[in-house]
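Number of protein chains: 2
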Amino acid sequence: MGSKTVTIADLLAPVQDDLQVLTQNLKELVGASHPILRAAAEHLFEAKGKGLRPALVLLTSRATMGTGDITPRHRRLAEITEMIHTASLVHDDVIDEAEVRRGIPTVNSYFGNRIAVLAGDFLFAQSSWYLANLDNLEVVKLLSKVIKDFAEGEIRQSLTAFDVTVSLNDYLEKSFYKTASLMAGSCKAAAVLSERDPAECEQFYLFGKHFGIAFQIMDDILDFTSSTETLGKPAGSDLRDGNLTAPVIFALEEKPQLHTLIARELKEELDLTAALALIEQSSGIERSKELAKQHTKLAIQALEFLPHSPYKKSLIGLAEFNLDRIF
Amino acid sequence: MGSKTVTIADLLAPVQDDLQVLTQNLKELVGASHPILRAAAEHLFEAKGKGLRPALVLLTSRATMGTGDITPRHRRLAEITEMIHTASLVHDDVIDEAEVRRGIPTVNSYFGNRIAVLAGDFLFAQSSWYLANLDNLEVVKLLSKVIKDFAEGEIRQSLTAFDVTVSLNDYLEKSFYKTASLMAGSCKAAAVLSERDPAECEQFYLFGKHFGIAFQIMDDILDFTSSTETLGKPAGSDLRDGNLTAPVIFALEEKPQLHTLIARELKEELDLTAALALIEQSSGIERSKELAKQHTKLAIQALEFLPHSPYKKSLIGLAEFNLDRIF
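Listed in order, the protein sequences are those of chains A and B. Residues in the first sequence are numbered consecutively from 0, following numbering that gives the first Met the number 0. Residues in the second sequence are numbered consecutively from 0, following numbering that gives the first Met the number 0.
Each hint should be verified, as a subset may be incorrect.
Copies of the same chain look alike in the list, so a pair counts if it works inside one copy or between any two.
[Claimed, not checked] In silico DMTMM-like pairs for lysine to aspartate or glutamate, Cα to Cα no more than 20 Å straight-line:
1. Lys26 / Asp16
2. Lys140 / Glu201
3. Lys144 / Asp134
4. Lys144 / Glu78
5. Lys311 / Asp17
6. Lys296 / Glu319
7. Lys266 / Glu199
8. Lys312 / Asp17
9. Lys311 / Asp218
10. Lys288 / Asp323
11. Lys140 / Asp222
12. Lys140 / Glu78
13. Lys144 / Glu289
14. Lys292 / Glu268
15. Lys266 / Asp162
16. Lys292 / Asp323
17. Lys288 / Asp16
18. Lys254 / Glu172
19. Lys266 / Glu289
Keep in mind that the hints were calculated from the coordinates and are not lab data.
So that you can see chain A by itself, here it is in the shape it has in the complex (with noise of 0.2 Å):
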């Protein structure tokens, strides 16, 4: 387990042809009746990155139902899904006026506000649609839910810019809004859709929630770590733009400097460079590393009950390679 040579191909292997068939029906929904957002439609479905979030909907899926097949509301959940995230995105984009994400100049950047706002609201819709006639009200409210929590993470985001008095727990809950919500959420409603009892289903919600908060530390981290070319947009945006994520909330606490260039927004000349460079020479990274480990710790734990299985095997090896990722 955990091994160094586990590639993220041979993790998804399980579930391979079911991501395949995924991109291709996300593909003619959006672009087929639309031409305005086929060309968005191609862009948005085709970058590197994508699938992890039905990944792990079609793993919990396969997990659950045990030797039957998964069903085709388990693949429009994983759909339903990757839409949801895909829509929060775009409108992320065109909050943050963000420009490139993972290499690819964003929708807004390409097509404008207006067709990413167009393309965001019609991928929100249509996955409310979808959910609608999946007919289980269960699974209608923990996805609504997920649709409600990114509104308030991007908002919290919006509100705590700059603020140094931001407290880890204040992090963890944006992160579990941004990220960790859509991941416990989604994985739960496989495990009902599979009809296994409310305390198993739990365990899944716990699973996703744990891994979406490290997922979203390992983000975080790496926007200070990894290279401009690596990442796809300039190292060090996150503090740029005032979102102030473990690695600084940690390192407010050893350099009291960096109050002082973060409560003036980073205005001053070279005020970014000597920022990363304190939170560098602090434990900041170290300790964020230290915290995705406790949740990655959780999220297996939360799948010790399930008896042995390719996928449960995947679900565990996606937890722990998140810990070794390089983008």
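Model the placement of chain B on the given structure of chain A, informed by the hints.
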């Protein structure tokens, strides 16, 4: 019936108290927890001309509950309806880059695109969540369809800008998606919450649908016939933006020169003035008014089965009032 001395206040009197509670609830909901949205909320829920859609829901709720009081779920449905409507206006204004609506600066022009996208997403998200918690799958489906139709309508409008081959049927479909779907779905949902027979619920769907189409046609007529002051935006805005509505579609049948002007997107000097003059000389406005009357008649016919009540009287009165409104 239809007497000119009836005012909108008379027609809304049977649900005036309900509407006051609703406005207060909506402002608290959006503003309380999020200072960043508080100003936008005051702005959004104070504007004139608000309240028609929740009034239709509340009147339908009271008309279908007979002597019983309406339930908290009816009230919540009315709030959801207004939230969905408001969210769609806010995003439409971003998409259309509109600067004023009913004489008031739009959220995007006043607070920027960032807050406008955020506020719209928050309202859509909150309404999805409330909707799921009405615990009625039929109502969830009805309103999810409405959200999907909004996105569809906005895309259709984008696709057909300055398209002189657009048919009256295309126009009616777009008007359904943009306006009538919400009135149809929410009136039917109110009857569903009152547990009326499916056939009766369907009559409320038809009422809302035909009222909504007549309402959109009147809006589109007023864009040509009202003064800029009354409209609170420049008269002829729809045409200038390439949105070809009923008066234009009828005028195109009579005035070949109008084709030329619109096909070149009104780009030469005085093109818009010339086009407006051609439309005024045509029977476009008159025929559009006739079309609105036909749909109003269908709306009123749909309620024939209902026993007499102040609520029924107001529903019919609002449909008639729409034909005489000047803004």
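Evaluated hints:
no.: 1; hint: Lys26 / Asp16; in the structure: within (16 Å within a copy, 48 Å between copies)
no.: 2; hint: Lys140 / Glu201; in the structure: within (14 Å within a copy, 26 Å between copies)
no.: 3; hint: Lys144 / Asp134; in the structure: both (17 Å within a copy, 14 Å between copies)
no.: 4; hint: Lys144 / Glu78; in the structure: both (17 Å within a copy, 18 Å between copies)
no.: 5; hint: Lys311 / Asp17; in the structure: within (16 Å within a copy, 53 Å between copies)
no.: 6; hint: Lys296 / Glu319; in the structure: within (9 Å within a copy, 65 Å between copies)
no.: 7; hint: Lys266 / Glu199; in the structure: neither (50 Å within a copy, 64 Å between copies)
no.: 8; hint: Lys312 / Asp17; in the structure: within (17 Å within a copy, 56 Å between copies)
no.: 9; hint: Lys311 / Asp218; in the structure: neither (24 Å within a copy, 57 Å between copies)
no.: 10; hint: Lys288 / Asp323; in the structure: within (10 Å within a copy, 67 Å between copies)
no.: 11; hint: Lys140 / Asp222; in the structure: neither (33 Å within a copy, 41 Å between copies)
no.: 12; hint: Lys140 / Glu78; in the structure: both (17 Å within a copy, 18 Å between copies)
no.: 13; hint: Lys144 / Glu289; in the structure: neither (29 Å within a copy, 45 Å between copies)
no.: 14; hint: Lys292 / Glu268; in the structure: neither (36 Å within a copy, 66 Å between copies)
no.: 15; hint: Lys266 / Asp162; in the structure: within (14 Å within a copy, 48 Å between copies)
no.: 16; hint: Lys292 / Asp323; in the structure: within (10 Å within a copy, 67 Å between copies)
no.: 17; hint: Lys288 / Asp16; in the structure: neither (33 Å within a copy, 56 Å between copies)
no.: 18; hint: Lys254 / Glu172; in the structure: neither (24 Å within a copy, 62 Å between copies)
no.: 19; hint: Lys266 / Glu289; in the structure: neither (31 Å within a copy, 62 Å between copies)
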